[in-house]
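Colleague: The residues making up each chain are set out below.
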Amino acid sequence: MAKLEAPRKRPRLAVIKFASCDGCQLSILNLEEDLLALGEALDIAYFPEASSAMNAGPYDIALVEGSITTAEDAHRILSVRQQAKVLITIGACATAGGIQALRNWADVESFKRAVYPNPEYIQSLSTSTPISEHVRVDFELWGCPIDKGQLLRVMTDLVGGVQPRVPADSVCLECKRQGHVCVLVAKGLPCLGPVTRTGCGAICPSMGRDCYGCFGPSEGARKGPGLPPNTTSLARHFHDELQLIPVEVLRRFRGINGAVDPFRNESTVWENKG
Amino acid sequence: MAIASETCGILPSAHLQRLLDTLSAKGYRIVGPIVRDGSVVWDTVRSVSDLPIGWRDQQEPGRYRLEQTGSQEVFGVVHGAQSLKQFVFAPREPLLQIERSKDGFATRPTLPQSEKVAIIGARACDLAGLTIQDRIFLNDAYRDPYYASRREGLFVIAVNCTRALSTCFCASMETGPRAKHGFDLVLTEVDDSLLIEAGSEAGRDLLSNLCLSTGSEQLSAEAARRIEACAQSQVRRLDHSRLPQALYDAHEHPRWDELAGRCLACTNCTMVCPTCFCHTVEETPDLSHQQSTHTRLWDSCFTQEHGYIHGKNVRPTIKDRYRMWLTHKLASWIDQFGTSGCVGCGRCITWCPVGIDVTEELSALLTQDGRSSGTPQQMESS
Chain W
1 MAKLEAPRKR PRLAVIKFAS CDGCQLSILN LEEDLLALGE ALDIAYFPEA SSAMNAGPYD
61 IALVEGSITT AEDAHRILSV RQQAKVLITI GACATAGGIQ ALRNWADVES FKRAVYPNPE
121 YIQSLSTSTP ISEHVRVDFE LWGCPIDKGQ LLRVMTDLVG GVQPRVPADS VCLECKRQGH
181 VCVLVAKGLP CLGPVTRTGC GAICPSMGRD CYGCFGPSEG ARKGPGLPPN TTSLARHFHD
241 ELQLIPVEVL RRFRGINGAV DPFRNESTVW ENKG
Chain S
1 MAIASETCGI LPSAHLQRLL DTLSAKGYRI VGPIVRDGSV VWDTVRSVSD LPIGWRDQQE
61 PGRYRLEQTG SQEVFGVVHG AQSLKQFVFA PREPLLQIER SKDGFATRPT LPQSEKVAII
121 GARACDLAGL TIQDRIFLND AYRDPYYASR REGLFVIAVN CTRALSTCFC ASMETGPRAK
181 HGFDLVLTEV DDSLLIEAGS EAGRDLLSNL CLSTGSEQLS AEAARRIEAC AQSQVRRLDH
241 SRLPQALYDA HEHPRWDELA GRCLACTNCT MVCPTCFCHT VEETPDLSHQ QSTHTRLWDS
301 CFTQEHGYIH GKNVRPTIKD RYRMWLTHKL ASWIDQFGTS GCVGCGRCIT WCPVGIDVTE
361 ELSALLTQDG RSSGTPQQME SS
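Protein chains in written order, with the working numbering: chain W, 1 to 274; chain S, 1 to 382.
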């Protein structure tokens with residue numbers, strides 16, 4: 001990926017929004033004290049969520065939130081790419097299409113008619129797609145929302161001229177390091193932790209809840225033969241041992257990251273078992 | 001006939017608090033099994049009522065449940081997911097604090113604060129695991145000061161098992177159910193009495209402070225009978241008579257492919273294993289790159305990065321990773337450390353989300369056609 005050389009002056013940062021809820025941008029603001037340090041290390045040139053001072057590009061780093069759901073956005077992302085040395089997607093929407101990618105399985109026109117009194121004013125694409133389907137992406141941060149610690153780590157690496165890296169292991173590894181009791185084994189909950197990428201700090205299992213996969217598939221979105229995540233085995237266990245009916249299995253995988261290959265393929269398998 | 005009081009005594013279960021108070025008076029933080037979130041975890045114990053009185057665990061592949069029996073049994077829960085590993089080989093151990101200086105950088109080791117910890121309720125399999133970890137981390141040439149520092153402060157009170165779980169196979173690994181060594185004190189719960197035996201100088205010292213009624217041969221015999229019955233009742237066993245060679249010979253066995261279809265590569269088996277020692281290190285610099293913390297974390301041979309060497313991943317597939325783990329654990333560990341890496345605790349069976357059973361897999365792998373010679377269920381019913 002593109003890397004920033006150890007910069008002579010502060011790198012210019014832009015935070016740009018597409019179809020999203022703004023939660024990942026709020027994670028940046030939630031850095032609190034670290035936000036001040038970040039503001040010193042970087043020149044925050046464009047961040048409408050935080051400041052009305054919106055400076056034009058080019059930018060050294062563009063953090064992109066949200067998915068592409070309109071023709072205008074499909075055009076706008078090309079311009080963002082042109083203006084950014086390093087483009088990083090933040091969150092499930094930008095990285096995977098987000099929860100709004102559920103429309104990819106549905107009829108968007110019927111949604112419009114159900115929600116809006118004048119649906120003719122709404123112009124949107126029939127799909128929600130991740131940024132990587134439109135332009136080259138240098139780095140992806142998963143999560144709904146992203147983990148602010150991971151974001152700070154990636155910024156720290158970029159400022160230092162280091163190739164950023166975040167772990168792609170399963171949630172289970174961190175869950176066990178923290179000493180939480182496995183909700184799947186001890187409570188029979190259909191936890192997606194074994195096939196989900198770490199990074200959240202195992203928040204849901206730490207609260208006795210089952211992971212619902214908001215950090216996407218472990219070891220990345222493109223699955224090769226025999227590689228993790230083994231969604232097939234976990235889905236079969238949900239059905240055979242935890243007594244989920246096929247549509248429940250389908251819904252486990254067709255959620256926030258439902259449009260990502262490993263999860264999409266698994267949910268499709270269970271479509272035909274109903 | 002009475003048995004010498006400095007090595008053995010009887011404490012009514014109802015008076016267990018006296019043991020805890022004596023430990024506290026000696027400056028120990030007491031750690032024991034605590035019921036939490038449907039299982040037991042190790043945590044600080046202040047009073048006997050913190051212990052899982054009346055609870056029992058039922059374990060089977062991929063499933064763990066607690067049930068309250070209403071009895072006054074103190075040590076009815078055999079174990080949870082945690083072995084003793086975390087007390088010595090910490091899941092997250094800061095190793096060094098690194099600071100940039102004018103002409104380079106300076107490093108400062110961050111040894112853990114020494115703490116006296118008394119663990120009550122360790123099982124024979126846990127002690128066997130600790131002994132193996134000691135061999136790895138305290139080996140003269142490569143003594144790990146972080147592990148050593150944590151190890152030094154441990155006072156271990158073991159409990160002999162008188163009830164086997166369906167996942168236990170310590171008898172076949174010759175590590176239990178009786179704790180043979182590696183403890184300071186060992187308890188055997190016989191109805192409403194605790195038979196206490198000392199296994200170290202510190203244990204004998206503590207026992208003499210307790211001024212217990214002396215042990216009786218009758219109670220010792222009953223304890224021995226129950227421990228033996230526990231061994232006999234184990235339905236799983238691991239046949240290691242032909243290891244390590246037989247598993248090396250099974251390197252191309254079709255069973256590995258079948259296993260890879262079930263294994264999630266989620267790392268749970270390695271996390272709960274009392275002997276798995278793999279770790280990674282993580283650098284955490286601050287934003288100004290003036291200082292960094294160098295931290296050791298539990299890692300697993302099931303992660304992608306574990307198999308990564310320069311430019312290539314030598315274990316890309318789940319099959320590669322599971323084969324690596326099982327072959328190391330049960331075979332090459334013997335060549336490397338002179339002992340099996342498995343203590344028969346059965347945790348990897350219970351805490352595998354999809355319930356993969358090492359005893360069944362090994363049995364299948366050592367069979368020519370790749371079919372298991374018999375599942376534990378079949379053994380039970382036969």
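Since the hints were derived computationally from the structure, they do not count as laboratory data.
Check before you lean on any hint, since a few could be wrong.
Part of the chain W face toward chain S, derived, beta carbon under 7 Å [unchecked claim]:
{"id": "1", "residue": "G39"}
{"id": "2", "residue": "L42"}
{"id": "3", "residue": "D43"}
{"id": "4", "residue": "A53"}
{"id": "5", "residue": "A56"}
{"id": "6", "residue": "T156"}
{"id": "7", "residue": "G161"}
{"id": "8", "residue": "P164"}
{"id": "9", "residue": "K187"}
Taking CB as the label site, the calculated pair distances span [unchecked claim]:
{"id": "10", "chain 1": "S", "residue 1": "R242", "chain 2": "W", "residue 2": "K273", "range": "39 to 47 Å"}
{"id": "11", "chain 1": "W", "residue 1": "E49", "chain 2": "S", "residue 2": "T280", "range": "33 to 41 Å"}
{"id": "12", "chain 1": "S", "residue 1": "P109", "chain 2": "W", "residue 2": "G39", "range": "40 to 48 Å"}
{"id": "13", "chain 1": "W", "residue 1": "G149", "chain 2": "S", "residue 2": "V41", "range": "20 to 28 Å"}
{"id": "14", "chain 1": "W", "residue 1": "E120", "chain 2": "S", "residue 2": "E258", "range": "38 to 46 Å"}
{"id": "15", "chain 1": "S", "residue 1": "L111", "chain 2": "W", "residue 2": "E49", "range": "51 to 59 Å"}
{"id": "16", "chain 1": "S", "residue 1": "A148", "chain 2": "W", "residue 2": "R165", "range": "29 to 37 Å"}
{"id": "17", "chain 1": "S", "residue 1": "E99", "chain 2": "W", "residue 2": "T268", "range": "36 to 44 Å"}
{"id": "18", "chain 1": "W", "residue 1": "D22", "chain 2": "S", "residue 2": "E258", "range": "56 to 64 Å"}
Distance condition first, Cα-Cα at most 25 Å in a straight line; then the derived BS3-like pairs of lysine-lysine [what the hints assert, rightly or not]:
{"id": "19", "chain 1": "S", "residue 1": "K102", "chain 2": "W", "residue 2": "K9"}
{"id": "20", "chain 1": "S", "residue 1": "K312", "chain 2": "W", "residue 2": "K223"}
{"id": "21", "chain 1": "W", "residue 1": "K85", "chain 2": "W", "residue 2": "K187"}
{"id": "22", "chain 1": "W", "residue 1": "K85", "chain 2": "W", "residue 2": "K17"}
{"id": "23", "chain 1": "S", "residue 1": "K102", "chain 2": "S", "residue 2": "K26"}
{"id": "24", "chain 1": "W", "residue 1": "K223", "chain 2": "S", "residue 2": "K319"}
{"id": "25", "chain 1": "W", "residue 1": "K112", "chain 2": "W", "residue 2": "K17"}
{"id": "26", "chain 1": "W", "residue 1": "K112", "chain 2": "W", "residue 2": "K9"}
{"id": "27", "chain 1": "W", "residue 1": "K17", "chain 2": "W", "residue 2": "K223"}
Cβ coordinates follow ideal geometry from the N, Cα and C atoms, glycine included.
Colleague: Next, verify each hint and record whether it holds.
Modeller: Against the structure, the hints come out as follows:
1. G39: Check failed: Cβ of G39 (chain W) comes no nearer than 10 Å to chain S, outside 7 Å.
2. L42: 9 Å, violated
3. D43: D43 (chain W) check fails; min Cβ-Cβ to chain S is 14 Å, beyond 7 Å.
4. A53: For A53 (chain W), the interface hint is violated, since the closest Cβ of chain S sits about 22 Å away, which is over 7 Å.
5. A56: 26 Å, violated
6. T156: 5 Å, holds
7. G161: 9 Å, violated
8. P164: Violated: closest Cβ of chain S sits about 12 Å from P164 (chain W), beyond 7 Å.
9. K187: The hint holds - K187 (chain W) has a Cβ within 7 Å of chain S, the shortest such distance being about 5 Å.
10. S:R242 - W:K273: 39 to 47 Å: 42 Å, holds
11. W:E49 - S:T280: 33 to 41 Å: 35 Å, holds
12. S:P109 - W:G39: 40 to 48 Å: With a Cβ separation near 34 Å, P109 (chain S) and G39 (chain W) fall outside 40 to 48 Å, so the hint is violated.
13. W:G149 - S:V41: 20 to 28 Å: At 25 Å between Cβs, range holds.
14. W:E120 - S:E258: 38 to 46 Å: 57 Å, violated
15. S:L111 - W:E49: 51 to 59 Å: Given range 51 to 59 Å: violated, Cβ gap about 44 Å.
16. S:A148 - W:R165: 29 to 37 Å: At roughly 31 Å between Cβ atoms, R165 (chain W) and A148 (chain S) fall inside 29 to 37 Å, so the hint holds.
17. S:E99 - W:T268: 36 to 44 Å: Since the Cβ atoms of E99 (chain S) and T268 (chain W) sit about 53 Å apart, the hinted range of 36 to 44 Å is violated.
18. W:D22 - S:E258: 56 to 64 Å: Taking Cβ atoms as reference, D22 (chain W) and E258 (chain S) lie about 47 Å apart, which means the hint is violated.
19. S:K102 - W:K9: 21 Å, holds
20. S:K312 - W:K223: Given that 25 Å is the threshold and the Cα spacing comes to 17 Å, the pair holds.
21. W:K85 - W:K187: 47 Å, violated
22. W:K85 - W:K17: 17 Å, holds
23. S:K102 - S:K26: Distance ~47 Å between K102 (chain S) and K26 (chain S) Cα, so the pair is violated.
24. W:K223 - S:K319: 15 Å, holds
25. W:K112 - W:K17: Answer holds: K112 (chain W) to K17 (chain W) is near 22 Å, not above 25 Å.
26. W:K112 - W:K9: 48 Å, violated
27. W:K17 - W:K223: 28 Å, violated
In this structure, the hints that do not hold are numbers 1, 2, 3, 4, 5, 7, 8, 12, 14, 15, 17, 18, 21, 23, 26, 27, in rising order.
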